[in-house]
Each structure stands twice: as C-alpha cells, then as structure tokens.
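Asker: Spelled out, the chains give:
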Amino acid sequence: MLRFIARRLLETIPVLFVILTATFFMIRFVPGGPFTAEKAVTPEVMRNLERAYDLDKPLWQQYTRYLRNVLLHGDLGPSFKYPNRTVNEIIAGKLPVSLELGAEALVLALVLGLTLGVLAAVKNNTWIDYVCSSAAMTGICLPTFVLGPLLVLLFAIHLGWVNASGWDGPADRILPCLTLGCVYAAYIARLTRGGMLEVLSQDYIRTARAKGASEVRVIFKHALRGGLLPVVSFLGPAIAGILTGSFVIETIFQIPGLGREFVNSAFNRDYTLVLGTVILYATLIIGLNLLVDVVQVWLNPKLKFE
Amino acid sequence: MLKCKLVSFLAVAFLFAGCSKKEPAATTAGGTPTRKILRYGNGTEPQDIDPHVVTGVPEQHLIQTLSEGLVSEDPQMNTIPGVAEKWEISPDGLVYTFHLRADAKWSNGDPVTAQDFVQSYQRELTAALASEYAYMLFNHVRGAKDYYDGKITDFAQTGFKAIDPRTLEITLLQPAPFLLHAMNHYAWYPVHIPTIRKFGGLDHRSTAWTRPENYVGNGPYVLKSWKPNQVIVTERSPTYWDRARVKIDEIDFYPIELADTEERMFRSGQLDITNEVPLTKLAVYRRDQPRSVRVDPYDGLYYYRFNVRRKPFDDVRVRRALALSIDRESLVKNVTLADEVPAYDFVPQNLLGYRSENSFQADIAEARRLLAAAGYPEGRGFPRVELLYNTLEKHKIIAEALQEMWRKNLGVEISLLNQEWKVYVDAQHSQNFQFQRAGWIADYVDPHVFFDLWETGNGNNDTNWGNPEYDRLLHSALSTHDNTARFAIYQQMEKILVAEMPIMPIFYYTHARLISPRVKGFYTTPVDNYPWKYADIDP
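Chains Z and U, in that order, are what the protein sequence lines are. When you read off a place in the first sequence, starting at 1, and then add 9, the result is the number in the numbering used here. When you read off a place in the second sequence, starting at 1, and then add 601, the result is the number in the numbering used here.
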C-alpha cells in the first residue's frame, strides 16, 4: 500500500506542474489585465504599474521567476487586486473558513444522505422509499441560490432566530451549512440507495440472511460496505469542492471563504491569486482522489493496490 | 456511535440559534445609552485604503471616513474648510495658498502640516509607486508631470510648496476653476509619511501601513479593525479637530456584493444603510416602507457609445436617428425604476448651476427622415449592428427595451452581445466594437468632467470622434476665471455634441438605497461622498 501511495504522490508532481503552467499562460491570454479599468489610466501610469508588478518583463521571465518563488520560498506573490495582502495571507485567512463550512456541511450531508439512502433502499418501493427519494430529488433540483434565501426568509426574517448573513457566532453557521449540506445530502442519498439496492440483491447477502444474521447486521455489517462504493467515488471530488468553498453560498451568506476568491480572482485578472487558488484546489483534488482510491480498496475486497 | 455524536453536535448547534443573534447596534441597557453604531453596506471588499494606490468607490467611502483633505463640500456644494481653514487664489487663477488650521492632527497626535501635504504629493508622483490617480495632480500642477516622468528630480521645482508648517502653496500649469471641487477627490488627501516609511518605504504599493494596527489618518474616524470580506470597523477619532461635531461612535463597513443579501440584512436589522436596492424590491419598499427608501442624485451619465469609424455609425445621421428614436421617459419609468433622469444632453442638470441650453428632443419622425437620408428608408438595408454591453441583468433589460424601440420606431434590427467585464473594457479601449453601453461618473462636481471626456484622443473618449473646434473651446474654457463665462463656452461645446452625437445619452444616474429611519442627518454629495460627521443615529 505504501508503494502505491508513494507512486501516486510522485505522479502528482508532473500533474501539478502542468496545471500550474497551463493556468499561468491561459490567464495571461485572456483579454484584459489586472489594471484594465473603465476609467483608463494614462499610458505613462500604465507603464509604471506594469513595471511595479514586473509585467513589463518577457512572459517566460515572469514564469520562471514565479516558479522560483513558489518552489524555493513557498511565496505565491502579492495580490494584484489587494495591494496590502499577499496571496499566501489571503489563502491562510480564508481557507480555514471554507474548511470549517465545508466540514460541517459534509457531516450534515453524510448523516442526512446516508440515512435517507439506506432507509429508501431497505424499505424499497414503500411509502418510506418514496418520501426519501422525493426528498433527495427535491434537494438535487433545488439550487442553493433558491434554498439559501428561502431558509433566510424563514429563520432569519420571519422567525428572527439567526442572522440573515455573516460569519461571527456559531448560529451564523447553521443556515449556510444547511444549504450546502442539503444539496450534497441529496446526491449521497441517491447514490447510497442505488448502491445498497444493488448489493442487497447479491448472493452473499442472501447467504448472510440464510445463516440467520439479523437484518440490522445484514444491512450495516454486510451491505453498507459494498453499497457505499458509489458514494465514496463521488466523495473524492465532492469533498475537494465542498472544502474549498462555494461561491454561491459564500456570496449569499457573506462568508469570508476561499470560494469567492477562486471565482472573483479570475474576474479581477488577479494573476497570482488565480494561480494560488488553482494550485491549492488541484492539490486537494489529487490528494482526495488518492484517499478515495485507498478507501475503495479497503471497502471492496475485489480491488488491489495495483 | 460516531453518528450519534454527530447528531448531538448538530442538535447543539441548532440550539445556539436562539441565543446568538446579534442585537440591534445602538440600544440602551438599563437606561444607559450604549455606543451609537451605524452599519453600512459598502459594496465590494476594498482593495486597500491607501489613497495613492486604490481607485474604487468602496475605497472612496472608507478613505473619506478616515482622512480629510484641504477642503470639503456642504450639502449645497459650497466649498467649506477641511484641514485648511481658509485659502486665497491669485487673480490669474494660478496660485492657491492654503492656511492650515492649528488644531488639525493625525490620529497619533502629530500635527497635520503643509510639509505633510507636499510629501504626500511627492509620493503620489513617484513613478515607482504607479499611482493610478497621479494624473489628477500632474494634469494641473506646475512641474508635476516633469517630476513624474523623471525629467526633474528636485521636487522643490514643482508647484507644491510648504511656505511654513501651516501655509501650503500650489501653483498650477493653467487655471483650473474647478480645482477646489477636484480637491475633494481622495487623490488630493494627505498620508502620514513617517508611518509609510516605517512599513516599507514610500514607493512600495504593497506594504502593511494600512493595517489597523499601523494605520494613521487625519479624518473624523480611525481604523479599529479589518476582517477581510467581513467588516471594517471605524471609530470616532479622539484627535480630529472637529470631533465635537461627530455624533456616531462607530461606523461598520460591510462589503456586500449582492444587493439581495444586503436587502435581507437590512430587513433583519443587520444593516442601517445599504449600498443598493434590488430593482425587484424597490416598488414594494416604496409602497410599504417609504421612509426607508432614499434616492439621491448621482453625477453620472448612462449612455451608448458609437464607434464613429465603423459603419453605419460613421454617418452622423444614423447616430442621430438612433438617439432621437427612443422613449427615455418610458425606460426610466418602466425599466430602470430608480427615478433616473432622462438625458437629452451631455451634462447632469444644474451641476454647479450649469443648465444645458441645447438639449435635443425625442423625435421619431425626424429620426426616420435621417435614417432614410442615410440610405436606410424604414430600416431597409440597415447593416448588421451589434450592441455590446457588460454582463449584468440591468444592462440587459435596458438593451432589450431599446432594441425593441428601434425595431418598432425605425424598423432596424440591433443584435445584443454581452461580455464579461474585463473583456468588454478591453474591447472598449481597443475600439473593437460598433456600439457599446457605457457610463461615466464624475470624479468631482463640475461640468468640466463631462466635457473633458470628448476631447480628441482623450484616453476615455473611445469613440474615435474628435472636433478641432470642440478642443479649442475646451482649452479656452479653462483660461476663463468666472463660471458664467466658462459655462457659456460649455454651451457652445454641447451644441457641437448634440449636432454630432458621438455618444447617445440615455439617462442620468441616481443612487437608490435603503436607510433606516433611525439614521439622521445623512447626506451625500452628487459624487457619492458622505460627510459622516454630520450623521447621527437614534438609539
């Protein structure tokens, strides 16, 4: 297993390098730059601005300098949009917020999704299944930008229990986590139901039942392990997405997370911030996919680390 | 087991709901008045608060809370004292002498001196700092451009001079009758040079001097804390010269990009003033809570720009036909909804008393005649025209309404093309468009701002239009010393614009916002400056 992980980690290096290089050049070829503004600055001011950020140097020089700073010093550079902050500072300040929101939403999504999914599969084609499946379908169909404001209307404005937005106290976590968690819960419920139904019709489940195992034991000990495989494959990229923040949720609820920076940095042509967030996101996706592969082997005896 | 724990955790989290909601900001506890706190929706997260580095409107609101320039403006747009208690202008309009008040202080207790202003301007004109508003200084002040371009290295040779600690003299290149109004822009504000030196040098854009723990300003409020993308807290300055007038203890600036989020925060009592009102909610607020809606004039023109080098807009008759054939009243009443003023001229009305005498009128019959004369009777044979706008719902619905008006009134088909903001701006500056949505907000209150724009080759003209007579008049207006003579020249210039129509004025902006009836004495100038020191908030 260790050899498998080591090999996969080594493979990560060229992948990250390609992502970084492609992003570096792609963002430079997009029309408009960090200082493109409706109110044009005079040509001499523009020249000085470009000089201040080394944008007057040939692109390959900018690229090698950037690579050197990142690799040798871990320095992702100054932000173009926010002159008094570095990209390292921005990520360090915002990633924990996104991680917290993501982790809480993920827990909610897993608890809710697995429960609904297992219930629906076990009580297949009964009213319980219909209720759970309909709830999951509603969750998938209801976009966060509808669910979020609806929850705010009910809990913040009509009932007055929580703030409409913000990220100060523990209560401020509830509505964003609920909004983000429900969507993922819906997917997890659908996948769990599908996976469980498939497993429950397998021979080894019949064998377990024939041997007199209780229904609870059959479901949780024998079926769930196999039934979760589709959920685990889904969770790799989903966790990366959920942990690095959600642009919509962060905008609706005024949360200082990384998701907004990820999107806005591209709109602002904040070259260094774009690169910083892309590298982080890529690393997370690669890392979590590796983790998913490990977990899948552990869950499914038919798979091996080769 | 694990699941049980998670469920209990979530249940506890939900229980917090009932007890952690924030109380309204200015309440009384046990009869003792608490701090007066005003919570303000400030649009986007500010880039920074260094007046020599930033360019945006949210930054403007913050800098004007934390700093003060030489002069200020009252609600009637009269120039009133700021750091300077009085000033004189030489008869030729070239030399301005400012007398600084003795009690003007920085937030660390240092006196604000004439030397501070001179050093601030020197910093702003240092090429390596690359201040985007440096041109506001070097377009007007003698020697400033030479210093910026490195042709002179001794700042004493420029028109900025500290005669003594309390006397500042500024010598201009040419008369600029609007200079005192222009000085309300933060490009003219001072910065605390010793603090900037301490945190990384005068010509560095990226330093830590604007962090709350380091920042030194000279305005009515000081910076207390800054949580990026959450809130910036400012509190009443104990050293500000006019502190007796400042009534609100703390102003919190919330960077909220989404008007709907802002509106929900306002409704749940988390905000006292918003930056915007969602268009869909405006009518409801006007009906149910008229006291909460505030619409102020905003010195800006919403217009469509023609590229006069591209067909069919190289023909003035086509430009005029399009401009004369739309129903602006209907547009502002049914589409934009915020009491915008239909624009039949090029300068917002009554700007320092300037009133256009050469406005055009909507005239569909004349528009049809012009179009036919240009070779497109009833729109027949009209080439494919694309209207470019930046991706935003408001611009889209305006463009669709006008598209329909042209189809109905002239028989021409205009197709719509939206682009992401920077792509659109890039297309604008490279004149890679036929016909484009645009807006211009004045940097300071004077009609000059709206005439200067259309000078041949002006960096923001972008129409490829130019007229030598227009340029000559623009320069002669600057050399006149009184507004009556100057405005008479502007009338002639506006006549040229109406005749040649390089752009198509649509409406003058307003600024609609939600404001709690608890807020008193809040006013804005037509360029969206808020003198917070006059505002108050009821408990």
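Keep in mind that the hints were calculated from the coordinates and are not lab data. Note that the structure is predicted; figures quoted are calculated from it, not measured. Positions of the beta carbon are idealized from the N, C-alpha and C atoms, including for glycine. Be aware that a few hints might be false.
Chain U side only, calculated, beta carbon under 10 Å to chain Z, not exhaustive [stated by the list, open to error]:
#1 650
#2 654
#3 729
#4 730
#5 744
#6 750
#7 754
#8 826
#9 858
#10 915
#11 916
#12 1019
#13 1023
#14 1029
#15 1122
Quick list of in silico lysine-lysine cross-link-like pairs, DSSO-like style, CA-CA up to 30 Å [what the hints assert, rightly or not]:
#16 U:912 <-> Z:48
#17 U:997 <-> U:934
#18 U:825 <-> U:1009
#19 U:848 <-> Z:48
#20 U:637 <-> U:912
#21 U:637 <-> Z:48
#22 U:825 <-> U:848
#23 U:848 <-> U:934
#24 Z:311 <-> Z:220
#25 U:799 <-> U:762
#26 Z:48 <-> U:1121
#27 Z:48 <-> U:706
#28 U:762 <-> U:912
#29 Z:48 <-> U:934
#30 U:997 <-> Z:48
#31 U:882 <-> U:706
#32 U:848 <-> U:687
#33 U:1121 <-> U:882
#34 Z:66 <-> U:687
#35 Z:132 <-> Z:220
#36 U:637 <-> U:934
#37 U:752 <-> U:706
Asker: What are the numbers of the hints the structure violates, in ascending order?
Answerer: 5, 7, 8, 10, 11, 12, 15, 18, 19, 20, 21, 23, 26, 27, 28, 31, 34, 36 and 37
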